[in-house]
Amino acid sequence: MMVGARAEDGMEQAPVVAPPQKPVWGAPRLPFDPLGVVGLLALMALWWALSAFRIVTPLSLPPPGAVAEAIASNFFASPYLANYHLGDGGLASNLEYSIVNVVVALFIACALGIVAGFASARFDLFRALADPLMLTAGTIPILVTAPFFLVWFGVSRSAQVALLILYDVTIVYLFAQRAATNLDSTYIAAGRTLGAGPVRLIFDVYLKGALPEVFGGIRIALAGAWGLEAFSELLGAPKGIGRVIQGMAADMDTQMIFAAVAALSIVAFVFDVAVDAAFGFLTRWRRPPRAFGG
Amino acid sequence: MAEVQLRNVRQVFRRSGGALVEAVSDVSLTIRAHEFVCVIGPSGCGKTTLLQLVAGLIPATSGQMSVDDAAIVGPSPERGLVFQRDSVFPWMRAIDNVSYGLKCRGVDKAKRLEIARSYLRRVGLGDVETSWPRELSGGMLKRVAVATVFANSPRVLLMDEPFGALDYVTKLQLHQVLLDLWGQHRQTVLFVTHDVDEAMLLADRIIVMKGGRIVDDRSIGLARPRTVESLAMPEAIAHKEVLLKHLGLGALVQQQAASP
Amino acid sequence: MKLATTHRLAGCAVTAGLAALWQIASILIPYESAPGEPMVPGWQIVATHTFLALSDYWAGGFGVAAVAQGGARTYAGAALAVLSNSWDTSLRLFTGLLLGGAVGLTCGLAVSWSIWSRRFVALPAQILRTFPMMALIPMFQLWFGATFLGTTLFVAFAVGSIFFTGAVNAVGNIPDIYVDYARTQGANRIQIYRSVILPAMFPELRSSILLSLGMAWTAVIAAEFLGAQTGLGQIIVSSQYFGYVDRMFLVALFLLLYAAITYALFERASRRLTEWMPREAATRERLVAP
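Residue numbers (the numbering used here), protein chains in the order written: chain A, 355 to 648; chain B, 56 to 315; chain C, 8 to 297.
If you're looking for bench data, these hints aren't it; they were derived computationally from the structure.
Keep in mind that the hints are not guaranteed to be accurate.
What the hints assert, rightly or not - For lysine-lysine, the following DSSO-like pairs were computed, each having C-alpha atoms within a straight-line distance of at most 27 Å: (1) B:Lys300 x B:Lys265; (2) B:Lys226 x B:Lys164; (3) B:Lys226 x B:Lys265; (4) B:Lys265 x A:Lys562; (5) A:Lys562 x B:Lys166; (6) B:Lys164 x A:Lys562; (7) B:Lys265 x B:Lys295; (8) B:Lys295 x B:Lys226.
No experiment lies behind these values; they were computed from the predicted model shown.
So here's chain A without its partners, still in its complex pose (with noise of 0.2 Å):
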């Protein structure tokens, strides 16, 4: 994991220095690579072109134009969504409860995967109990518990962050428990010389050491958090953009349904850049990965 170009060593007996390297992130990286807004706005292009163009019928893919206009004038309160019982507050309101949804269940998946992921790295037994538990888990669809969950909590939250809360928890285990265990041994015989007793062992070194591969499985974690917690929705949810688009989808309110997708898909996309430049400051300490191109 110590791959990268390194400073040279300096002169022989004045102090040795070397520049800091500013790290350097392959294009890709990068959520505003110009040319991948080009990209994106061309795609935008070709939808528009597909309706404008009557290509396809407006009832099938309406404009980018009118989802747009019916984010903006549904967005804060909407006297149409009030008619569907989907609240006051417009698609914020439904928004903000997916959203809640979501954080809530990441969460606490991360504290119970993060856990469990360490402790199976370090005890054996706790392993051979855990992993076929987990791995299983990670395999199977784990969509089929969703009905399961509508049945035992009813038409409630909680049907939705408990099924949030079993996917995310299989995935952190996972990252959680690869990081520890492949984190080279010498740091943590480092710290044992040192004096650093267990408590400190796990803040300072594992914890520490294991952030960057971690904070990748919570970012995969959430990436798909969106998508289920809709659908939860969709089965059956008090509110929420799900429960917006099974309204409107029964009436073939196919802008409306447009509208609620942009406006999940881009809360969605907000979030993954800022939790990826949050993560990144958290472990700027990381050699940067190998960029490849060609």
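Dock chains B and C against chain A, hints included.
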């Protein structure tokens, strides 16, 4: 400074296939205070295991180990260890790495930063104390590791082929750094290496291990500071010839070698 | 004892333990969601009453009358119901998987032909990563109907996006040195593609294959939950409407079994594709007291 005593130490490992391997067989050894001891030997001779035992990182299968009559039960900053691989925590800046041991012992922030700063300066890294380890070269990281260990005022210094991964020039620079720091208090040192020249440059006493046992124990009486000239003296060459023969490199020695 | 066997035994032990826990829970939780329909049915109920009840979902044929038309609940009816609905679900799954895989892979390869096109799709691909795929199910059902076509195309879309981003990433991660080496030997673009790019991207593609299998199962079940007329997912949802937790449980078990089997088969098959990769042989040393 401290005297290290080993009595009938034996260390057995079980390989993943199930076979038992005796890495250290019945080693008895006394390292006197202030002595700089090098342990050399071919790969797999048990020298690294011996060091890990003295460090307290692994418990001995049988035998007694003590420092000044206090039994070794686990790792401690009193027996500082410099590793071969990078042990500098990448997630802490250089100065935080050097002051980490002091932090574990509860030294207050201002004091421990001051001590860390002074040691970083001693190893020539005064200007990079706030750098992340990823910004430092291999040689610089090794200096940080050495500074870290010395900052804890160890009574015994353990070094596990610390400079093995460095290039020739950097290695020689690090020798000077080490000897400079060691010269101040002359801690007891147990230095493991496979490099005979390195051992000749650094050690008061060289122990040769083979197959988990000690097969030779020689006092190196060369005067310090040691230079290229001192290594070319007849008694130095004589030592080296015997050591090379122990390592199975007798072909490099002329047949009419002077007896030790 | 070898580590692998210990793990397998532990896996069996955990499964057995969970089954036992379920049985204990069925005794301790006597609640019923409807008269005669326990919320946590014990295994004895699942094997008899529940399985028989599945014959409700057999529409009649092969000499077995439909329950809805006055026929009795029979094991034959139940078996036929399970088989035909499993067939429906599997057909949608594999058709979608193959279609999505083929289209996604070709598009991904086409795009990664040159670095410029790869940079063009970088931002859209990143948006695709976090896109709430399953929110689109109602759209697909509106466009293509709620049975075979809509479900299959949704599965294809979900799988296709995974293969697309996977292929683009895999090609981007191939070390330059392999391509440079081929170029110094005089290979043209097509030859480089065939002899370097395709084989070198296989290992990373393997993880995309496994990921997309999981996604395919999720997609097909999700689509069936939301409005199919047949299929195992549909049975679960219509049972849930009436609170028949035992039927949900049994059908879910079938689904999990199928998913586990396909996953194991895929893993084995894809392993052979990546046999040339150097593998780290880990040897663990353990201390033993004499």
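These are the hints, each one checked on the structure:
Between the alpha carbons of Lys300 (chain B) and Lys265 (chain B) the distance comes to roughly 12 Å, so the proposed pair stays at or under 27 Å and holds. For the given pair, Lys226 (chain B) sits about 33 Å from Lys164 (chain B) by alpha-carbon distance, which is inconsistent with the 27 Å threshold. About 25 Å separates the Cα atoms of Lys226 (chain B) and Lys265 (chain B), which keeps this hinted pair within 27 Å; it holds. For the suggested pair Lys265 (chain B) and Lys562 (chain A), the alpha carbons sit about 40 Å apart, so the restraint of at most 27 Å is broken.
With a C-alpha separation of about 24 Å, the suggested pair Lys562 (chain A) and Lys166 (chain B) falls inside the 27 Å cut-off, and the hint holds. Restraint check for Lys164 (chain B) and Lys562 (chain A): the C-alpha separation of about 20 Å stays at or below 27 Å, so the hint holds. The straight-line distance between the Cα atoms of Lys265 (chain B) and Lys295 (chain B) is roughly 17 Å, inside the 27 Å bound, and the hint therefore holds. Taking the CA atoms of Lys295 (chain B) and Lys226 (chain B), the gap is about 19 Å. The hint holds against a cut of 27 Å.
The structure does not agree with the numbered hints 2, 4 stated previously, though it agrees with the rest.
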